[in-house]
Amino acid sequence: MKTIHYAILWVALLLVGTPALRSQELPDVQVQDPSSKAIAIRSLLDGKTPIVLAFWSSTCKPCMKELDALTDNFGDWSEEVPFRIYAVSNDDSRSLTRAKAMPQGRGWDAFPFLYDVNQDLCRGLNITAIPYAVVIDKDGKIAYTHLGYMPGDEDALFEEVKKLSSPSVGKKKRK
Amino acid sequence: MALALGAAFLFLGAGSARSQGRLTGSFDSNTIIYTADPVTHTEVSPDNRYGSMNYLKLDYGAKDWGAGLKMEYHPSVIKGFDASLKGGSLTGIYARWGKTLGGVKVEVTAGDFYEQFGSGIALRSYEDRELGIDNSIGGARIALSALEGAVRVKVLGGFPRYGIGSMLNSRTTTLLGGADLSVRLNDILGIDKENATLLPLFTLEGSFLNRHEGTVPSDIEALSRAGGFSVPSDVLSTSARLLVEKGPVSLSGEWVHKGRDLTSTHTLGSLLDWGLGDGDALLLGASASIGNVSATLTGRQLRNMEDRMFRTAGALTEGNTLNYLPSLCQMQTYLLAGLNPYTTLARGERGVQGDLYWRLPRRSALGGKYGMNIHIGGSYIWALPVALSNHDSPAMAYRDLNFDIEKKWSPELRTVLFISIQENSPSHGQTSRTDAQNVFVLDGTYKFRGSPFSIHAELQYLYSQELTRDWMAGVLEVNFAPHWGLALSDMYNHGSTKVHYYSAMCSYSQGALRAELSFGRNREGMVCSGGVCRFRPAYTGGQLTIKYSF
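If you read the protein sequences in the order shown, they are chains A and B. Start counting the first sequence at 1; every next residue gets the next number (the numbering used here). Start counting the second sequence at 1001; every next residue gets the next number (the numbering used here).
Just so you know, the hints here were simulated from the structure itself, not pulled from any lab data. Certain hints may be false.
Chain B side only, calculated, beta carbon under 10 Å to chain A, not exhaustive [what the hints assert, rightly or not]:
#, residue
1, 1105
2, 1106
3, 1298
4, 1313
5, 1436
6, 1452
7, 1544
8, 1548
Ideal Cβ positions, reconstructed from N, Cα and C, are used throughout, including at glycine.
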């Protein structure tokens, strides 16, 4: 009987969660820039261009493949559609020095890096696994999320960004 | 009770659509159906036919406040996990309030929360579902941040969680109390803006944590009587940290002292040899980036730094932990390179680890048309002598040297050559015997142009004259981005046991949902996550994993 109760509870909670995600916004938390200065994540919103947050860590191999792919493509993409990418590391203070050193040594020079040292942003978005990519519209509404990475996922991500740049974007609901 | 909570969140969820609140959450499920396998001598009995561990987390946030809950249901614990996790319960609930008052950002949390002081040597309350660790603290936490984050203070008190009890009753009787302070000196002294180009940035931090155990378990009491010592009810840990940053160069240091605590006097933690002792730790780090090259160097020494949430003379489980002592060496991601991972010797260890990353740019002589990445990393770790060691000077416990070169040949093809040379002392320096292994990997990914179709393949070889001698492995993945992935892999020990460890996996991703269905044979060994490892017995079976965030 207890098992049935829990099953009912979880199904109910999942049903609750589904409509909620359509109205999700970027949480009001702080991350760090490479010089350890606190930055309010919502201050990145400029009201003009969408942004992509690509969550990674220095010990996550698929994350590095995703950052390689984003670095390779961002130059061409941003000429087609104006948008910004921020790579957000969730390395804690033990591996932070490595995470700060890696972008230069890996040639990830196409977009800025941020550091979610206390995992406040990860918790705010309920991210439990990485790689995790989030597309956010110009007003801070979350338009698309994707867990995991396989070659070609970056193209799907860019398609979502392009949707936000179309004139009808404001009327579109999230997939 | 469970249904009442479900109804409460149903109400909250409906409310979120009307108000400005945000409801987020995640669902995580991992189920394995075990099958008997005569090759690995694994059997299935009615009480261990399957393992299933399931997690649901919900967070609701409005302008100044938030609340959340976490539920777990583990009808049968997956092999290798702490048996105390069996059952189902509401394992966490919290309410949070935050506001900026007079330039000071105040955040108050009541209920269950996670916290980390520094690098986690003194305290790390966290969750790792790969390891079965969730030592969230049930109590209260106040965090203050002033001068745009230049001064941050955290104060906490509460009881850490262990296993699954009845509803909201998974707490130990151990009471934690502590505080952490972080100060960016340049901002405080007002020298940042005026001399930003001349002076480095200094950040000074420190913390203390008291662990109070009011009652001494009978097995510990018997040990202390036999040893002629009295176990203290309070253990105080203090730490000091300094971070110095100047452009692309950073230096960091952390020193931790742990007060007198029950500790094993044997390197390997024999259950028979106990005593009292202080603990201390020193962690030093340096990193620098120049042009296309970046380097990091980390050194660490530990002495008696194992910190459990409650004392026991019985088996020590991964879940019974209060701090974070990951192995210093590189975390290996290839199958054969991670076959025999090194685990930290909390009772006495000294080590150094370094990495060098070099990006050869596009259209350079060595980088070619698309550029190339080179990484060299290595570590050397010594076991420090403790009271009952048979060596009186540091002895080699582990060393490795890793080299990988990643080359993009065309928009479609990217390859990686990886070599890892590893040597491990199975007795942690107690004897002169070491096990050496050399691992070679060729990794290639081909992405068809203008198509979501890609192929990834790995060929791996492990050469060793010790343990189970030589291994070979192959991985083949076929991906149809962004939804479908298929993978086949096989590890074959042709040097000794002649056993194949095969796996077939299909995954589906849709936004923040990812589901994986796999079947395979898994060898006995250590499973590591974030540098911390747990033992996993051999098993053969099918596995379904679902992860979903919303």
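Let's test the interface hint: is any C-beta of chain A closer than 10 Å to that of residue 1436 (chain B)? violated, 24 Å
Does the nearest C-beta of chain A fall within a distance shorter than 10 Å of the C-beta of residue 1548 (chain B)? Status holds, d = 8 Å.
Double-check residue 1105 (chain B) for me: the hint is only fine if its C-beta lies closer than 10 Å to a C-beta in chain A. holds, 9 Å
Should the interface hint for residue 1298 (chain B) be scored as holding, given a Cβ-Cβ cut-off of 10 Å against chain A? holds, 7 Å
Against chain A, run the beta carbon of residue 1313 (chain B) and see if the smallest gap drops under 10 Å. violated, 30 Å
Can the hint on residue 1106 (chain B) be confirmed by a CB-to-CB distance to chain A that is less than 10 Å? violated, 14 Å
Let me know if the C-beta of residue 1452 (chain B) comes in closer than 10 Å to any C-beta of chain A, holds or violated. holds, 5 Å
Residue 1544 (chain B) as an interface hint toward chain A, with CB separation required under 10 Å: violated, 16 Å
Of the hints listed earlier, those the structure fails to meet are numbers 2, 4, 5 and 7, in rising order.
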